[in-house]
Every structure is written in structure tokens, then in C-alpha cells.
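Visitor: Single-letter residue listing:
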Amino acid sequence: NAGVMQNPRHLVRRRGQEARLRCSPMKGHSHVYWYRQLPEEGLKFMVYLQKENIIDESGMPKERFSAEFPKEGPSILRIQQVVRGDSAAYFCASSPGQGGNTIYFGEGSWLTVV
Amino acid sequence: AQSVAQPEDQVNVAEGNPLTVKCTYSVSGNPYLFWYVQYPNRGLQFLLKYITGDNLVKGSYGFEAEFNKSQTSFHLKKPSALVSDSALYFCAVRDLYGSSNTGKLIFGQGTTLQVKP
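In the order they appear, the protein sequences are chains B and L.
One rule links them: number in the working numbering = place in the first sequence (from 1) + 22.
One rule links them: number in the working numbering = place in the second sequence (from 1) + 5.
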């Protein structure tokens, strides 16, 4: 059973470009979470999605960031017009449900904005 | 608001000695608590969780954690540390009682464990 799959693992973008990060949850998991880890900092929640629905986007910056989890295909975290401050590791996680279910993390996508 | 705190940025221990990484929590209901480990440039690996039941929880790689309701703590422990245990450790609580209560994990700041040979 494959784990949470994220790609690309590393991404370099110039300021002003768009970054798209993809996440395929573990098999049987319908809940997806995105977190951001800035250098030398902890993990900050960004958004929580279920299939075709955004459940909690309280951690998403108001502008330039969006996320989706379509009926078919991976979840996408999209960052438009990237700036240097967007350089970070972006982690996707999935779980089969809420409550006591374990949330499993992917290996991350490292975004560098030059 | 739900939160966890890891009071130590770094813990240093000699190989073979017992280790403890501290975590305290603040929730308005029964807590669902988790420990994760992160190696450099890698994702988070699940170690163990407390949902209910026995206060001593055993997890992966010989780690265990003790849930203490009166002290609102969930410290991670290992009887004998290995150099390979050196990593960044995160405590987390499931947000089930906050204003959003959507079940996301809320993380502490992390504690770097350094095990010296």
C-alpha cells in the first residue's frame, strides 16, 4: 500500500511564476491536509479538503494560494505569482477520517523561489 | 484554542541513556495526541498516538509516551537512545474542539534530539 505521494519533490520557480504541487493520498483515504514548513520553523496548517470540498482553509493566505481535491485525480496546491517568502517545504497528509484516525504525511515538496 | 507546547528547542543525550522529549497540551475536551519524527529533508513519520485507554502508549522504534491528564502532558520517552534517533520531533493534537473543530493536527514547534555516541 503506497503512502502519500507528492510531486514534484523539488521545484524551482522565478518570482512571479506559478507553482503547482500535487498530492495523491493513501489508498482509501478521502481526507487531505496541506501544511507548510518554513526554514527553521514548525508546521503550519494551510487547508483541509475532502473530495470536491474545502472543509477548512483557515490557514491559507488570502491571496495567490488555492487548493482543490477533485473527484478524480490528486489534490493540487496552487501558488500564483510566487514570491521569495513562499520558499518552503509543503507537506501533504491524508487520513481515512477524523477523530482518532492517524494522519499520514508525504515526503514533501520543496519550493525554491529565485 | 487548542494547542501543544514543546518547551525545549533541543535535547541532548548520550547514546544508551534514556531520553525524554516533553510536550504539554491545552484542549477543552478529551485530547487526541500524536508524536511524529522528521529526519532532514524528509516528511513526518508517525510514531504513536493516544486516543483513550492505557496512559502508556507504545509506538515505533522503541518509543513510548505517557499521557498525564493532571499535568496535561504527553512526554515522549525511550529507555535507551540511539545515534540514529537524532531528528526533529513534533507533538501534535487533533483539533476537535476549537472554533473550527475540523480535525486538523495542531503542531508544537518541534524539538531537535541530538544523541551523541
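Source of the hints: derived by calculation from the structure; they are not laboratory data.
C-beta atoms are modelled at their ideal positions from N, C-alpha and C, and glycine is treated no differently.
Check each hint, because a few of them may be wrong.
The calculated label-pair distances, taken between Cβ atoms and stated as ranges, are [stated by the list, open to error]:
1) L:R47 - B:R42: 33 to 41 angstroms
2) L:S31 - B:P83: 20 to 28 angstroms
3) L:I56 - B:I98: 28 to 36 angstroms
4) B:R42 - L:Q50: 21 to 29 angstroms
5) L:G34 - B:N75: 21 to 29 angstroms
6) L:G21 - B:K84: 45 to 53 angstroms
7) B:G122 - L:Q76: 36 to 44 angstroms
8) L:D59 - B:G64: 38 to 46 angstroms
9) L:P45 - B:I76: 46 to 54 angstroms
10) B:L60 - L:N22: 44 to 52 angstroms
11) L:G34 - B:S88: 31 to 39 angstroms
12) B:A24 - L:K121: 46 to 54 angstroms
13) L:N35 - B:K84: 30 to 38 angstroms
Some, not all, of what chain B presents toward chain L, calculated at C-beta under 7 angstroms [claimed, not checked]:
14) L65
15) Y70
16) E74
17) N75
18) F87
19) P118
20) E129
Visitor: Run every hint past the structure and note whether it holds.
Guide: Structure-based check of each hint:
1. Restraint check, R47 (chain L) to R42 (chain B): a C-beta distance of roughly 22 angstroms breaks the suggested window 33 to 41 angstroms.
2. As the Cβ distance of S31 (chain L) to P83 (chain B) is approximately 26 angstroms, the hint placing it in 20 to 28 angstroms holds.
3. Distance hint for I56 (chain L) and I98 (chain B): a CB-CB separation of about 31 angstroms, consistent with the stated range 28 to 36 angstroms.
4. Judged by the Cβ atoms, the range 21 to 29 angstroms given for R42 (chain B) and Q50 (chain L) holds: they are separated by roughly 26 angstroms.
5. As the Cβ distance of G34 (chain L) to N75 (chain B) is approximately 25 angstroms, the hint placing it in 21 to 29 angstroms holds.
6. Distance hint check: the CB atoms of G21 (chain L) and K84 (chain B) are about 51 angstroms apart, consistent with the given range 45 to 53 angstroms.
7. Our hint of 36 to 44 angstroms for G122 (chain B) and Q76 (chain L) is violated, since their Cβ atoms are close to 22 angstroms apart.
8. Remark: the range hint 38 to 46 angstroms for D59 (chain L) to G64 (chain B) is contradicted by a beta-carbon distance near 29 angstroms.
9. In this structure the hint that P45 (chain L) and I76 (chain B) lie 46 to 54 angstroms apart at CB is violated, the actual value being about 32 angstroms.
10. Our hint of 44 to 52 angstroms for L60 (chain B) and N22 (chain L) is violated, since their Cβ atoms are close to 32 angstroms apart.
11. Distance hint for G34 (chain L) and S88 (chain B): a CB-CB separation of about 32 angstroms, consistent with the stated range 31 to 39 angstroms.
12. Separation of A24 (chain B) from K121 (chain L) is about 36 angstroms and departs from the stated range, judged on CB atoms against 46 to 54 angstroms.
13. Separation of N35 (chain L) from K84 (chain B) is about 33 angstroms and conforms to the stated range, judged on CB atoms against 30 to 38 angstroms.
14. With 7 angstroms as the threshold, the beta carbon of L65 (chain B) comes within range of chain L, its nearest partner Cβ sitting at about 5 angstroms, so the hint holds.
15. Satisfaction of the interface hint for Y70 (chain B) is found here, the shortest Cβ-Cβ separation to chain L being roughly 5 angstroms, below the 7 angstroms cut-off.
16. Annotation: E74 (chain B) was flagged as interfacial toward chain L, and the flag is violated, the nearest CB pair being 16 angstroms apart, outside 7 angstroms.
17. The beta carbon of N75 (chain B) comes no nearer than 11 angstroms to any beta carbon in chain L, farther than 7 angstroms, and the hint placing it at the interface is violated.
18. The beta carbon of F87 (chain B) comes no nearer than 16 angstroms to any beta carbon in chain L, farther than 7 angstroms, and the hint placing it at the interface is violated.
19. With a least beta-carbon distance of about 12 angstroms to chain L, the hint placing P118 (chain B) at the interface is violated under the 7 angstroms criterion.
20. At its closest, the beta carbon of E129 (chain B) sits 4 angstroms from a beta carbon of chain L; the interface hint therefore holds under the 7 angstroms criterion.
Checked against the numbered hints given earlier, the structure breaks hints 1, 7, 8, 9, 10, 12, 16, 17, 18, 19 and satisfies all the rest.
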